[in-house]
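Asks: As a plain string of letters, each chain reads:
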Amino acid sequence: MNPANYVYLSALLFSLGAFGVLVRRNAIVVFMCVELMLNACNLAFVSFARIHGNLDGQVIAFFVMVVAAAEVVVGLAIIMTIFRTRRSASVDEANLLKY
Amino acid sequence: MSMLLAAVATSGNTGETIVFWVCAIVAVGGALGMLLSHKAVHSALFIAATMISLAVLYVSQSAPFLGMTQVVVYTGAVMMLFLFVLMIVGVDSSDSLVETIRGQRAAAIVFALAFAALLIAGIGSATYTAVGLDKANTVDGGNVQGIAHLIFGRYVFAFEVTSALLITAALGAMVLAHRERHTPRPTQRQLSEERVRSGHAQNLPGPGVYARHNAVGTPAMLPDGTPTDRSVPEPLRGVSAVVGIDSEDTARVNALAAGGSVVPSAEEGSES
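Sequence order for the protein chains is A and B. Residue 72 in the working numbering sits at position 72 of the first sequence, and the numbers go up by one each step. Residue 314 in the working numbering sits at position 215 of the second sequence, and the numbers go up by one each step.
Among the clues, some could well be false.
[Stated by the list, open to error] Partner residues are not named here, just some residues of chain A that face chain B (Cβ under 8 Å, in silico):
1. Pro-3
2. Ala-11
3. Ser-15
4. Ala-49
5. Val-73
6. Thr-85
7. Ala-89
8. Ala-94
Treat the hints as calculated values from the structure; they're not laboratory data. Cβ atoms here follow ideal geometry from the backbone N, Cα and C, with glycine treated the same way.
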């Protein structure tokens with residue numbers, strides 16, 4: 001089993017997440033795509049930890065998970081606040097700072 | 100027993116290959132499902148499948164601690180938070196498919212394909228000599244002990260900063276989600292007086308209970324046979340979750356009320 005396969009898989013998942021961020025309009029789904037990209041990075045970190053034979057990559061993946069949890073909490077609170085004032089969760093509607 | 104263990108150890112490679120391919124297909128399928136599904140709730144469930152298969156991949160890459168953390172943090176906490184917010188924002192919040200920037204979707208497809216090709220070409224041109232984690236996992240007596248040694252040793256400062264980050268995030272979420280009450284909370288007396296004054300002192304009608312549907316989204320029928328919106332809980336009003344009453348059912352009930360036969364007629368009986 002070539003360990004590069006895991007890295008290929010993480011590259012594929014990262015590209016899918018980036019595509020979703022660009023295409024989807026619902027802010028919550030965009031957020032899920034960001035989570036997918038973070039997960040893909042974690043998979044690459046764990047694979048590189050195995051390739052190099054030390055645990056540093058796993059520790060970094062652990063820290064990424066902690067940061068992602070904090071980011072989700074704040075991001076979802078922001079989405080809820082925007083939804084309360086504008087009754088919409090679409091990223092196209094929040095254009096108050098545009099003009 | 101030792102022979103069995105040796106057999107498992109030698110066949111571990113093919114076992115890992117099978118696990119990898121099954122989980123990779125589930126992960127990519129979940130990611131595609133998240134991208135393509137119309138409703139946000141379906142997207143959340145698809146990405147939960149992706150995260151669980153990633154946890155399995157972590158465990159098969161001799162990272163059992165991270166695999167368990169992935170299940171607890173992502174599928175346990177993060178996805179439940181997503182689902183809670185989806186319930187608050189509204190389960191019907193689906194994407195509009197109108198492009199606000201012309202050609203954005205095509206450009207995004209081109210960008211994603213080019214980006215994936217770039218990454219895969221870069222990964223393909225590198226050489227990998229896998230050392231494996233068997234030695235690193237046994238130095239401190241296990242994977243968890245090894246990670247603890249690193250977190251509380253070399254990375255202890257980053258770990259402390261993480262605690263500050265988590266406290267800040269919790270406070271920020273509380274501040275953002277908090278809503279100040281500008282009017283005093285109405286007392287029970289005021290509420291009951293208001294209800295009497297409104298002319299509807301009695302309870303609102305309950306949701307409809309019929310032979311085929313009895314969910315809360317099913318409207319009750321008024322005496323004249325029309326469904327009433329007031330019987331449905333407020334968040335469900337006017338969304339797709341409200342199940343209409345089958346016209347076939349009402350026709351059958353009307354036929355029964357008009358004195359029709361309860362036993363189905365001969366041709367209907369032969370069908371079933």
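Asks: If a hint holds in the structure, say so; if it doesn't, say that too.
Replies: Hints and how they fare:
Proximity of Pro-3 of chain A to chain B holds as hinted, the smallest CB-CB distance being about 4 Å (cut-off 8 Å). Taking 8 Å as the C-beta cut-off, the interface hint given for Ala-11 of chain A holds, the closest approach to chain B being about 4 Å. The restraint placing Ser-15 of chain A at the interface with chain B holds, with a minimum CB-CB distance near 4 Å, inside the 8 Å limit. Contact between Ala-49 of chain A and chain B, as hinted, is supported at the beta carbon level, the nearest pair being about 7 Å apart and thus within 8 Å.
The beta carbon of Val-73 of chain A comes within 5 Å of a beta carbon in chain B, closer than 8 Å, and the hint placing it at the interface holds. Nearest Cβ of chain B to the Cβ of Thr-85 of chain A: about 11 Å, over the 8 Å cut. The hint is violated. The interface hint given for Ala-89 of chain A holds, since its Cβ lies 5 Å from the closest Cβ of chain B, which is under the 8 Å cut-off. The beta carbon of Ala-94 of chain A is not positioned within 8 Å of any beta carbon in chain B (closest approach about 12 Å), and the interface hint is therefore violated.
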